[in-house]
Amino acid sequence: MAYSEKVLDHYENPRNVGAFGKEDEGVGTGMVGAPACGDVMKLQIKVGKDGVIEDAKFKTYGCGSAIASSSLVTEWVKGKTVEQALEIKNTQIAEELALPPVKIHCSILAEDAIKAAVADYKKKQG
Amino acid sequence: MLKFPIYLDYSATTPVDPRVAQAMIPWLTEHFGNPASRSHAYGWEAEKAVEDAREQVARLVNADAKEIVWTSGATESNNLAIKGAAQFYKGKGKHLITLKTEHKAVLDTFRELERQGFEATYLDVQENGLVDLSALKDAIRPDTILVSVMFVNNEIGVIQPIAEIGEICREKGIVFHVDAAQATGKVDIDLSKLKVDLMSFSAHKTYGPKGIGALYVRRKPRARLEAQMHGGGHERGLRSGTLATHQIVGMGEAFRIAREEMKTENERVRALRDRLMKGLQDIDATYINGDVEHRVPHNLNISFAYVEGESLIMAIKDVAVSSGSACTSASLEPSYVLRALGRNDELAHSSIRFTIGRFTTEEEVDYTIDLLHKKIGKLRELSPLWEMVQDGVDLDSVQWAAH
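Chains Y and R, in that order, are what the protein sequence lines are. Just so you know, we're using full-length UniProt numbering here: the first sequence kicks off at 1 and counts up by one. Just so you know, we're using full-length UniProt numbering here: the second sequence kicks off at 1 and counts up by one.
Treat the hints as calculated values from the structure; they're not laboratory data. Predicted model, so just to flag it, every value in this text is computed and none were measured. Don't be surprised by glycine CBs; every beta carbon is placed ideally from N, CA and C. Any given hint might turn out to be false.
[Claimed, not checked] If you want a taste of the chain R side facing chain Y, the calculated C-beta under 8 Å gives, among others:
{"id": "1", "residue": "Glu-308"}
{"id": "2", "residue": "Val-393"}
{"id": "3", "residue": "Asp-394"}
{"id": "4", "residue": "Leu-395"}
{"id": "5", "residue": "Trp-400"}
{"id": "6", "residue": "Ala-401"}
In isolation and in its complexed conformation, chain Y is listed as follows (with noise of 0.2 Å):
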C-alpha cells in the first residue's frame, strides 16, 4: 500500500495525540468504529464558554490513513466553533490526505468522531 506524503507525516508525527478527563467541563468526548473492524477513534473537544474549541485529543487505533484522518481532524477543529466543526466533510480529510478508495472509511470515521464528540459535548450541556 502506497501512502501519501501527508498520511506519513501525521502517521509518523501525530498531532493532539492524548486524552482529556471525560467529566471536565467543556469536554466533549466521541468513540467510535469497533475493534472487529479494524478501527477506532476516540476525539475529544475542549470547548470554551464562548463555544469556539479550544482544544482537541485523540486516540487511534487503526491502520495508517485511519491515524492520519483523525490526527488532522484534531488541527481543523481547533479554533473553531462547534457548529463549524460539524461542517468537516469527510471528503476534505480524504482529499487533503489524498485517500485511496479503500481508504475512504477511514474519513468517514473520522467525520463522524467529530460529530459523536460534538453531541457528547452538547448533551453535557443539557
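Keeping the supplied structure of chain Y fixed, place chain R upon it in accordance with the hints.
Chain R alone, transformed into the frame defined by chain Y:
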C-alpha cells in the same frame, strides 16, 4: 553493518546459498544438454547430474533415489500426489481427509476434487495447532482413500505427529500424503521408518532455487498415481516435461548442504529464535501462536494485543516479516490458520511471523527486538483500546457501533 530491511521471512523463501548458485551455473551455459538425450555426451552428462541430485534429495529423507520424482515445486507435488492418488484409487472410495490449517496448495486441490465428486473432511486442529489423533481416527470412513497432513505448518511452525498418523493410515490401507515443504533441513525425516506414501518437497525453502521441487512416491508398498502432466513420459511417466538440469542440480546441492549442516545450523537458529522470543515476550499483552515444543527451530509467531495490523506493518518496515490478523481488517487478509486455533477471545490484535535463517545474525535479532518494543509502545500510546484496558474496561462488554 545492518542491511535494511532485515530479512526475517525465511519461511516465505530463502536466498539461494552461494554454494548452490555456484553448482548450478555450469549447467546453464557449458553443460546444457537435455538429460533425455541418449545419443550423445551432452545428454549423458546432464542425465548423470540429474541422477546425482536425485540421490542427494533421497539421502536427506532416507529414501531410495528411485522414489523421487522431479516437479516444479511443492504446489505441483501436492497436486500430483493428491489428485493422482485420488483418481487412481477412486474405485476404492471417494473420501479424503486433511486439516483446516493446511497450505492452500492442499486445500484448493481438495476443493477441486470435491467439485469432481469426491467428499472431503477438513479437520479442526487443537488450540496448539496440532491435529487431534482421535478426531482423525473418528473421521476415517470405510471409503476413505487418502489422508493429507503437512509435516510443518508454514505459519505457526508446529510439527504434526507424522509417525503416528502414518501408523493409523497404514493399518487401514489409506494412502498418506505429507506436504514437507517447510520441514526439510528443519526436522529429521526418515522415510525408512515413517509410514508415509507420498511426500512433497520444495527447493526454495531450503536455500535452493525457486521453480523446482520433488515428490516422494513410495515403492514398497507401492503408492500408485495417475499422472497429471502428459507428454514425453519423463519421470517414469509420472511427470512429463524436459528436466531443468540446473534447477535440479541446485536442489540436490541445497539438500546435500541441509543434510550435512542441519544439526549445527538448527542449534544456532534456535538460539537466535529463543533470543527473539525472550526479547519480545517482555512486551505486555503478547502471546505465542502454536505449540512451542513441537515446533521448528526457526519460527516465532506472536500476537500483540490492541495493536492494529496494518499500522504495525507500517511501523516496522525495517524488518521483512509476514503478518496475519485473526480478525478482519480492511487490507490484511485474516489468517485462516490463526483462526483455526480458536483464539477468538482477543478481539483486537495483530500477529507477526518471524522466521529466522542461515544468514540471520544476533545483531539483526537485537535490532528487531528493540524496534518492536519502541513501535508497539508508540502504537499503544495511540490506542484508545489500550487506554480502556489500562483503565480496567472489559472490551467485550463494550457496545461497539458497527460501521
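### Message
Glu-308(R) was flagged as interface toward chain Y. Is the shortest Cβ-Cβ separation under 8 Å?
### Response
Holds, because the Cβ-Cβ distance from Glu-308(R) to chain Y comes to roughly 5 Å (cut-off 8 Å).
### Query
Does Asp-394(R) pass the interface hint, meaning its C-beta sits closer than 8 Å to a C-beta of chain Y?
violated, 12 Å
### Message
Given Leu-395(R) as an interface hint, is its Cβ closer than 8 Å to any Cβ of chain Y?
### Response
Cβ of Leu-395(R) sits 7 Å from chain Y, so the hint holds.
### Query
Taking the least C-beta to C-beta distance, is Val-393(R) closer than 8 Å to chain Y?
violated, 11 Å
### Task
With a cut-off of 8 Å on the beta carbons, see whether Ala-401(R) makes it to chain Y.
Since chain Y brings a Cβ to about 6 Å from Ala-401(R), closer than 8 Å, the hint holds.
### Task
Have a go at the Trp-400(R) hint: is there a Cβ in chain Y nearer than 8 Å to its own Cβ?
With a minimum Cβ separation of about 3 Å from chain Y (threshold 8 Å), the hint on Trp-400(R) holds.
When held up to the earlier numbered hints, the structure conflicts with 2, 3 and fits the remainder.
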